[in-house]
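Produce the complete structure using the sequences and hints provided.
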Amino acid sequence: MVGGFDMSIEISNITKTFDSFKALNNIHLKINTGELVALLGPSGSGKTTLLRIIAGLERADGGSIIFDGKDNTKKTTQDRKVGFVFQHYALFKHMTVFENIAFGLKVRPSKLRPSKEEINKKVHELLALVKMEELAKRYPSQLSGGQRQRIALARALVVEPKVLLLDEPFGALDAKVRKDLRRWLRKLHDKYPITSVFVTHDQEEALDVADRIVILNQGKIEQIGTPEEVYDNPVNPFVYNFLGNVNLFHGRVHKGKAEFGSLKLDVPEHLEARDRQVVSYTRPHDIEICLEAQGHEFIAAEIIFIRAIGPIVNLEMKRVDNGEYIEAEISKENYRNLKLKLGQIVYVKPRDFRIFIPEDYVI
Amino acid sequence: MAGVIPINVRRTNQNKARERTLQTSKVIPIFLTAIALIFFILMLIVPLVSVFVKAFEQGAGLYYAAISDPIAFKAIKLTLITISIVVPINTVFGLIAAWAIAKFKFKGKNLLITFIDLPFAISPVVAGLIFVLLFSTSYGLFAPLLNAWGIKIIFAPAGIVLATLFVTLPFVARELIPLMEAQGTSEEEAALTLGASGFKTFLFITLPNIKWALIYSIMLTAARAAGEFGAVSVVSGHIRGLTNTVPLHVEILYNEYKFSAAFAVASLLTVIAIINVIIKNIADWKIKQQTKI
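The listed protein sequences correspond, in order, to chains A and B.
Under my numbering, the first residue of the first sequence carries the number 1, and numbering increases by one thereafter.
Under my numbering, the first residue of the second sequence carries the number 1, and numbering increases by one thereafter.
Hint data in this document are derived by calculation from the structure and do not stem from the laboratory.
Accuracy of the hints is not assured; some may be wrong.
What the hints assert, rightly or not - 25 Å max Cα-Cα, derived DSS-like pairs, lysine-lysine:
(1) A:Lys122 x B:Lys200
(2) B:Lys103 x A:Lys81
(3) A:Lys116 x B:Lys200
(4) A:Lys339 x A:Lys318
(5) B:Lys200 x A:Lys121
(6) A:Lys74 x B:Lys105
(7) A:Lys137 x B:Lys211
(8) A:Lys137 x B:Lys288
(9) B:Lys200 x B:Lys103
(10) A:Lys22 x B:Lys109
(11) B:Lys105 x A:Lys75
(12) A:Lys74 x B:Lys103
(13) A:Lys93 x B:Lys211
(14) A:Lys22 x B:Lys286
(15) B:Lys200 x A:Lys81
(16) A:Lys93 x B:Lys280
(17) A:Lys93 x B:Lys107
(18) B:Lys200 x A:Lys93
(19) A:Lys22 x B:Lys103
(20) A:Lys93 x B:Lys288
(21) A:Lys22 x B:Lys280
(22) A:Lys106 x B:Lys107
(23) A:Lys74 x A:Lys121
(24) A:Lys75 x B:Lys200
(25) B:Lys107 x A:Lys137
(26) A:Lys75 x B:Lys288
(27) A:Lys74 x B:Lys200
(28) A:Lys74 x B:Lys107
(29) A:Lys137 x B:Lys103
(30) A:Lys106 x B:Lys200
(31) B:Lys109 x A:Lys93
(32) A:Lys106 x A:Lys75
(33) A:Lys162 x B:Lys200
Structure below.
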């Protein structure tokens, strides 16, 4: 953490409606000084709208945005002094890389504008930071996607914002570049005294980079937490489904006993449930595989697909009792010990089993 | 699973091969290109060349005499004055309208677009008549006012400027709207987040991005302002040396069987048209370069 600066963002009661579509519904969120927060959600969840409201590019219908204790709700974008990196970079096509980065300094009113030498120095500092000094004279159309992304970041940082907002910063890049750049962003964030918020629909990206993840769905916050918290303890089926691969089991719960086809389990937390339809989720790496049945906690399944590339082996199985599919990930070592083959019948046990009783119908 | 992939690859290869055979059959494209070329030569190039041939038919001396004749000179002067008033006004209006329509959401936007298109839809003669009905000093709607203040619009240069303004109003906006809409607002938003004021954003971001389309649309407006015949003819009154523009002067010369002189003056308008085509090509090329990203 870098000391000596304070820039928390408090979002309270933010609501936004487009025509009849409710993009954001009563959003409350506090982002602490120096945090790197991911707004994660499917398309249409309102994450980009929220980011644009923080930047002042969009006006909320209600609620307030507070930067460092000061109400910013009515301030213009220019006065909020945020760095914003756009999804498709929005580089100025008619300007060179150098001019793009210098823009934020050159457009200052003449009293606040640094001298030509100072601008020159600052731009080269940033070019060095994004490792693109030799490309200063190029135009954006002559750069690759990853290079454009880095220039967009340098351009946003030139005005030394205390808040950096990034809209799908790696969305348009290929997988390899994306991974490199997000690590680089993390390092950059740690080096600068800056509070960052980025929007993504890629759960892996959010889990990899963010200090905290805010999961949005249909204009509402589903869960806020560290990557570990949201991954290990999803609060509802949506979050479970959205973060990582899951196996879905449909079953019933009655007086603390759960039944999922041939699988029977004790669920003491649902003692009061009376013959309720339930759903359960298990991550592929929480599926245990045995060659022989051991009691009621196992489901018989046929192996229909094996992918044994790399240290993790992916298995796809079809349940014998109801034909549903189960995905599992096991270590290569385990896979060799079990000597698994296509078409083989194995016995499967979910290790970590979360049961959700769907909400009653409310009319 | 793995077996599926090569089959897909083979299929796309076959598709490519099929595309290639379509491209390599050369007869049809050559045939179509030839038809188009012959048509263009007959309809555009031959008339264009004949204007200049006719203009110089009786020698460069007569050509020069025709365009330096005092009455022709006054017609050229009136046309230039009209251009110098109409083009700036319609450029500023077109820019504002295009900016508003392309970059903002507001009620009545479609209505505004429809109004901008109106001069395209109305026959220039009708446009001229509208101004006569409004500003004629004998039976116009504003006749009492105009008479009281002693202002003359119809059969005077003011009417010519008004009619030309009306006819050339859509060109700048119409040329800029699709381009500005395609460019979106993200560069402007980026400028705002970097602290640029609205005016600086317009000056440094929006304007350079539309520069070439704007230059072309200004040229188009100027060419149309110089060449407008119908609407101007109605409001002008054809007073030689006073309310005759270049196209009206050409008509008079033509009606007096002074063909070489008529074509000589007409060649001036043709030169403007040719310059326009060249600028249009440069503009298209530049826009393509810019939007490559």
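Does B:Lys211 lie within 25 Å of A:Lys93 when you go C-alpha to C-alpha? holds, 13 Å
Would you mind confirming whether the straight-line C-alpha gap from B:Lys200 to A:Lys81 stays at or under 25 Å? holds, 16 Å
Sort out whether B:Lys103 lies within 25 Å of B:Lys200, counting only the CA atoms. It holds: about 16 Å lies between the C-alpha atoms, which stays within 25 Å.
Decide if the proposed pair is consistent with the structure: B:Lys200 and A:Lys93, CA atoms, cutoff 25 Å inclusive. The given pair, whose Cα atoms are some 16 Å apart, holds under the 25 Å limit.
Sort out whether A:Lys75 lies within 25 Å of A:Lys106, counting only the CA atoms. holds, 22 Å
Compare the distance between the alpha carbons of A:Lys75 and B:Lys200 with 25 Å, and conclude whether the hinted pair is satisfied. holds, 19 Å
Check whether the Cα positions of A:Lys93 and B:Lys288 lie no farther apart than 25 Å. holds, 12 Å
Can the restraint linking A:Lys93 and B:Lys280 be considered satisfied, given a maximum Cα separation of 25 Å? Within the cut-off at roughly 21 Å; holds.
Between A:Lys106 and B:Lys107, does the CA-CA distance stay at or below 25 Å? violated, 35 Å
Holds or violated: A:Lys116 to B:Lys200, with C-alpha atoms at most 25 Å apart: Roughly 18 Å between the alpha carbons, so the hint for A:Lys116 and B:Lys200 holds.
Could you grab the alpha-carbon distance between A:Lys22 and B:Lys286 and see if it respects the 25 Å cut-off? violated, 42 Å
Keeping to a limit of 25 Å between CA atoms, is the pair of A:Lys74 and B:Lys105 held or broken? holds, 20 Å
Checked against the numbered hints listed earlier, the structure breaks hints 14, 17, 21, 22, 23, 25, 26, 29, 31; every other hint is satisfied.
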